[in-house]
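Enquirer: Generate the whole structure from the sequences, applying the supplied hints.
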Amino acid sequence: MSATTSTPGTTSGTTSGVTSAPAARPRIRTSTAVRAYLAVELRRSLRNRRTLIFSMVMPPVLFLIFGLQGDYANQSAGHGNVTAWIAVSMTLYGAMVTATAGGASVSVERAQGWTRQLRLTPLRPAVYVAVKLAAAMALGAASVLVTLVVAAVTGAQMPATAWVLCALLAWVGSLVFAAFGLFMGYLLPAENVMQILGPVLALLSFAGGLFVPLGDGWWATVAQLFPTYGLAELVHAPLGGELGITAVVNVVAWAVIFSVGAAWRFRKDTARV
Amino acid sequence: MTSTSTTTPSAPPALSLRGLRKEFPSSAGPVRAVDGIDLEIAPGEVVAFLGPNGAGKTSTIDMVLGLSTPTAGTVRVFGTDPAEAIAAGRVAAVMQTGGLLRDITVAETVGLTAALFGRTGSPTPYLERAGIADLADRLVGKCSGGQQQRLRFAMALVSEPDLLLLDEPTTGMDVEGRREFWAAIRADAAAGRTVVFATHYLEEADAYADRVVLVSQGRVVADGSTAEVKNLASGRTVSARIDDDGERAAVTVQLRGLPVVDAIDHRGSRLVVRTPDSDVVARFLLTQTTASDLEVASENLEDAFVALTATAATTMDGAS
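Sequence order for the protein chains is D and Z. At position 117 of the first sequence (counting the first as 1) the number is 117 in UniProt numbering, and the numbers step up by one without a gap. At position 234 of the second sequence (counting the first as 1) the number is 234 in UniProt numbering, and the numbers step up by one without a gap.
Read the hints as simulated data drawn from the structure, not as lab findings. Yeah, the Cβ is synthetic: ideal placement off N, Cα and C, and Gly gets one too. There could be a bad hint or two in this list.
Partial list, derived from the structure: chain Z residues whose beta carbon lies under 7 Å from chain D [said to hold, decoys possible]: (1) A83; (2) A87; (3) D103; (4) A115; (5) V280.
Expert: Dropping the structure here:
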């Protein structure tokens, strides 16, 4: 064992039996840690019945309930039919719920003392949050796929490019809600934040026009302020919906607000000593 | 009493605290949890950090682990910064509560912790050393408090730390769990690891430590071998009734003048005197005063310990 780079004052041979000079310790590769941690996170998701119901079962079931109503299902909507339109809505909803839950789980684990425990390891807090978000996005991808496959086999029709683009937009767009979950998790002192955020997401989905069309009344104007509005417009754009500048501004603005908020609380939390 | 640490000039101490202070803000002004601790622990020592709840034990451990920064003073772990020592895996800790994910198994928890330290091998050896190999596939949430504590111990082992800190490790454990936990720690410490554990159980310090550091109100009030500290805490109480208020006050002053008197309490018309030499106090009370109804009792260790930490701190407050 070489002790040439040991800390000042530690000479080789003075350490006792079980101890080893710092120089002899393996360099910690972040990739090993990240891969192992991601594997654990994915296994946790698959084991968690509540997560599976909210991410994998509820979105396709909501689609089956609302997307196949006989009267209007086969009417055309843009480049596809109404069924496809609703399938895309539910796909975004599933991705949103999954991402929010993933972000919020950081604060749940903080309340359980897990992040404190992690501070006794070489893992950096930012890498921990990145792992949590990556796992949430992996689960979000599965949620998007499940809902769209169910839609495809039950009569949703739209051009091939629309299928692909809608899936990608819903998936990537849900990152805004990962930041939302992270931010809200830090702000709300609840042990299970999703019991609050779940209903909030459903309300936001109604308010922002994701679940029901906004129509032409005064609400259509107010709705443009909600964080769900921009994403709802964005994911439906490949179907032929008009994508106004308001929607783009909405998505960017809320992405910035949630990310900056989450980063602010995260910094404050990791610096809290 | 003097510190029993024996550091050689070439090797830095396992732990070195200098003028360590920690204040927490509160609505009534800053609360001083740690009030100037100087302490040196040599590699290989097994040290009990003994004190009542609120003595500042956990605050001190948090600073040693780099989980909080001192208001004043310095912490060095093997001559380096706490953060560096953590990153290098030289120091690990078994915390009192929390810090576990309930929905993964015991083996997964230890395997993940090992991976975070860049170790990819099987978690089994660590589970065996902590005595929980048979629980490998159990979900953490289904483990008893004692089992979870041994899991925390297994997690602390994965970096092969040179210094292991245990914060009230057996709180909430039953007698059997406590015995098994300490058996695992003892087996491990025998190999030469430095172990520092916080506890408010005197027996625990007595049974498992080579050296006891007694803390009270954020200060070290005694530091020595287990036997020395036990001697300090092995006094008796003499109590007697003196009905006249004036005389009771006068006797109190006279008793304070006796070298063998540690502390005096008033309980109604009774005087309660703590002393290592009950004969001297009893003779004085019965021959020089009107005291009646005299009782002599040997204190149990727990009472004596509480009395000792309380008086020592009071004396020091008066001196400062």
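Enquirer: Return the numbers of the hints above that this structure violates; sort them in rising order.
Expert: 1, 5
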